[in-house]
Every structure is written in C-alpha cells, then in structure tokens.
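A.B. asks: Chain by chain, the residues run as shown.
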Amino acid sequence: MGKVQESPLTETAFLILLAMYQPNHGYGVMQFVMDKTNGRVVFGPGTLYGAINNLSKKGWIKALPAEKNERKKDYLITDLGKLQVEAEMKRLKEVYKIGEEILRNEGAEIDEKV
Amino acid sequence: MRKFKLFMNPVEGQAHWLNEQAKNGWKLSKVGRLFYEFEPSNPGEYQYAVDYIGNKSNQERIKYEEFISEMNITYYEKPINLGHFSIGKVKYRPFADKGGKIATSRGMINRELLILEKKNDGKPFAIYSNITDKIEALKERRKPYIYFIVFTLLMGLYIYIQESLFSHLHCGITIMMILKGF
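Going down the list, the sequences are from chains Z and E. Residue numbers 1 to 114, in the working numbering, belong to the letters of the first sequence in order. Residue numbers 1 to 182, in the working numbering, belong to the letters of the second sequence in order.
Because the hints were derived from the structure by calculation, they are not lab data. Note that the Cβ used here is the ideal one computed from N, Cα and C, for glycine as well. Hints should not be assumed to be uniformly reliable.
[Said to hold, decoys possible] Residues on chain Z that point at chain E, a partial pick, calculated with CB under 7 Å:
#: 1; residue: PRO8
#: 2; residue: THR12
#: 3; residue: GLY26
#: 4; residue: TYR27
#: 5; residue: VAL42
#: 6; residue: PHE43
#: 7; residue: PRO45
#: 8; residue: GLY46
#: 9; residue: THR47
#: 10; residue: TYR49
#: 11; residue: LYS72
When you get a sec, could you build the whole thing from the sequences and use the hints?
C.D. replies: Okay, here's the thing in structure tokens:
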C-alpha cells in the first residue's frame, strides 16, 4: 500500500485514473483523454507507459488477467486509486472556489460550462 | 529506395529528417544499421518520432515495445552511434538503469534508439507529453555523455601524472622514496 494521500496529483495521473474506472488499455486511455479534453491533452506513448507503470506500482490501478485473443493489456482502478481521485476532486473544488470568489469580487464573468 | 544518412543529433535530427521524407511521400519500410529503406506513400501520411531507450534493460525494452505496438505505433530499432556501432558481444554501461548495466548483442547493443511511426493525425508527434517527463528523458540521454567526459578526463589525468612524474629519473626516485617512506 502506498501513501493514502498524495496531493496534488499530476494532470496525467488524474486523467489516467479517471479513464480506468472502466477496464481500459493504453490506447483506450489516450483516446478517452483526447476526447474528453477536446484534443487539448494527447498523451505521448513514453509518458503514458511511464505513468501506467508508476500508478500500477503504487497500487492505484491493477492489470487485469489477459483475455484470449486480446493482445492489449487492460487495467482497472483500485479502491486506493479511487481514494486518490476523491481527494483530488476535493482539492480542485477548494482551489476552484477560491478562484471563483476572487474573480467575482473583481466583477469578472465566470463561464460555468467550460 | 535506399538511403544512407548520419546524424549529429540522432534523436531530434533523425526525427526531423524522417518527417521530411514522409512529407515528400516516403514511408520507412526497413531500418538497418546504416541504411534506411523507404517505400512510396501518400505525402504526409505518416509521422515520426525518435526515442532514446539506451538506459533500459532488455526486459524493459521488450515491455516498452509491446506497449508501443498496443498504441498502434510501428517501431524500428536503431543503434545510436552510427558507423561506430558495437561489434562485440558484451558492453558495460554504467549509466544504464538497474538491470541494464551489462548489454549484450542479443539484447540492448545496437538498439539504443526506437524510431516510432504512426499515421499523421495533424498533431505534433510527442513521445513525452508533459514537461517533467521531457526533463527526465533528457537526463537519461545526458548520462552516457557525462560518463564519457569523466572517463576522458580521468584518462587525461592519468597520462599527465605518468608523464610529469615518471619521465624524469630523479622524480621517479623521489616518488620511490616517498612510497617507501610510507
């Protein structure tokens, strides 16, 4: 078991964890993240490989037993991984609120549907 | 079409050259130690990137190559020091990761680079997509150079000491006396 809370998560780690709430492989994670961020984040193969190994070592995701006729290796988020995501969501909400408060006072308009 | 090319910068330089070829409608078909073989393709259909993997152990390399294939990327293995590649069977690499320090010709020798090829999706082909990973990758590439510089300096120092001390007999005798004194 790794440290329960490691905050803040990198954007890379956070997005990979989200992509793995369903069983997913490297290519699927890249597609998911590219799709959800409208192409802003495109993981390079070196980055994705390193991050998946790292998350796996920490026990935040785990490799699923390989299925027949399937060359691609699937991973799924673990309970420990879900704890990280929840803690990160809390942190993000907190900093978002601070930003919102300051900008409101400044009279800036906040676009809710980013 | 067969082409021969040497690079001052085998990573970015090579990637740039391969992308130029791809723009002109040439796709890699085979990579040898010294030659590249190309086949015609649609101009700009493919894009290339080059990754340094010389720090990896052989086992790690195989895992990485499997992952690359899973990403629908084609890879070609390439030695880093063109025209000067290893012919020997075993090579000591003190700068490599754990488990990769001894390289063999069946494993990591002449496989220090991976050329990656994928269909052009209009976005730049980056192997490392965040700044931390880019820095880490550059640090790994720097290690062999640091090792080479330190090695060269030590060799120079060794030769200098030998020449300045032992070329004159009286110096030699002084040294002998000092050594005996201890």
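A.B. asks: Could you run down the list of hints and mark each one as holding or not?
C.D. replies: Results of checking the hints against the structure:
no.	hint	result
1	PRO8	violated, 13 Å
2	THR12	holds, 6 Å
3	GLY26	holds, 5 Å
4	TYR27	holds, 5 Å
5	VAL42	holds, 6 Å
6	PHE43	holds, 5 Å
7	PRO45	holds, 5 Å
8	GLY46	holds, 4 Å
9	THR47	holds, 5 Å
10	TYR49	holds, 5 Å
11	LYS72	holds, 5 Å
Figure legend: structure checked against the earlier numbered hints; the only hint not met is number 1.
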